[in-house]
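Just so we're aligned: 468 in our numbering is position 137 of the sequence shown, and the numbers increase by one with no gaps anywhere.
Among the hints, erroneous ones may be present.
Stated by the list, open to error - Label pairs and their computed distance ranges (CB to CB):
hint	residue 1	residue 2	range
1	D467	H390	25 to 35 angstroms
2	G477	R409	36 to 46 angstroms
3	R491	K437	26 to 36 angstroms
4	D449	E347	33 to 43 angstroms
5	R491	P430	41 to 51 angstroms
Unchecked claim - In silico DSBU-like links for lysine-lysine, alpha-carbon gap of 30 angstroms or less:
hint	residue 1	residue 2
6	K407	K336
7	K434	K479
8	K337	K407
9	K479	K337
Rather than coming from a laboratory, the hints here were simulated on the basis of the structure.
Treat the numbers as computed from the prediction; the structure is a model and nothing was measured.
We treat Cβ as the ideally placed atom computed from N, Cα and C, and that holds for glycine.
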Amino acid sequence: METRKKYTLTMLVENEPGVTARITGLFAGRGYNIETICGAPTANPKMSRITITTLASPHLLAQCMKQIQRLVNVIKLRDMTGEEAVKREMALVCVKAPPADQKQIKQIISDFQGRLLDKGEQHLIFEVTGDEMTVDVMLAQLAPFGIKKLARSGVLALYREP
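Make the full structure from the sequences, and use the hints.
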C-alpha cells in the first residue's frame, strides 16, 4: 500500500452552483477524506478559489487531479504542498476562563498574536491566524483550561509572487 501524505490543493473555478459538489464528489469517489476545504469568491466575482487539504497517496492524488482539471468549471488547479506558497488558517476559539485564569489565558492569546473578541465572566472568545502548526500549538496550550467551542477556517494558500 502506498503511503499517504498531506497535500494542499488550490483551484480557481467558475463561481457557479454545483462546482464544489462535483469536486468533492471526485474525492469521495476515490475514498479520500477532505480534511479542510475553503471556498470564496476572488477579486473577480465570476470566479472562486477553493483550497482543499487531504491525505492521499501520490499516485491516486495525481489521478484525482487529472479528473479535477477535466471539469468544465475548473480554470486552474495547483498543488500548494511545497514551501513556495503562503499558507494561513484562522481559528475562532471559546475557552473556559474563570477570573483566576483570565490573565494567563490572555497572555497565551497575546503570545500568539491573537485578538480578543468577547469576554464573559467564565469565558473568552478570540481569533488567531497563522500556519496550521501555530494554531495547533496554541490550542494545545489552551487545552488544559478547557476549549468550549472551536471553528477553524481550514488552510488558505497563495503562491508567492516573484
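To see whether the hints hold, each was checked on the structure:
Judged by the Cβ atoms, the range 25 to 35 angstroms given for D467 and H390 holds: they are separated by roughly 28 angstroms. Between G477 and R409, the C-beta spacing of about 39 angstroms keeps the proposed range 36 to 46 angstroms intact. Remark: the range hint 26 to 36 angstroms for R491 to K437 is upheld by a beta-carbon distance near 34 angstroms. Range check, D449 to E347: about 36 angstroms between beta-carbon atoms, so the 33 to 43 angstroms window is met.
For R491 and P430, the hinted distance range of 41 to 51 angstroms is satisfied, since their beta carbons lie about 44 angstroms from each other. Note on K407 and K336: the hinted pairing holds, with a Cα-Cα distance of about 22 angstroms set against a maximum of 30 angstroms. A threshold of 30 angstroms between alpha carbons decides the hint, and for K434 with K479 the separation of about 18 angstroms falls inside it, so the pair holds. Among the hinted pairs, K337 with K407 is consistent with the structure: their alpha-carbon atoms are about 20 angstroms apart, no more than 30 angstroms.
Distance hint between K479 and K337 is fulfilled; the C-alpha atoms sit about 28 angstroms from each other, no more than 30 angstroms.
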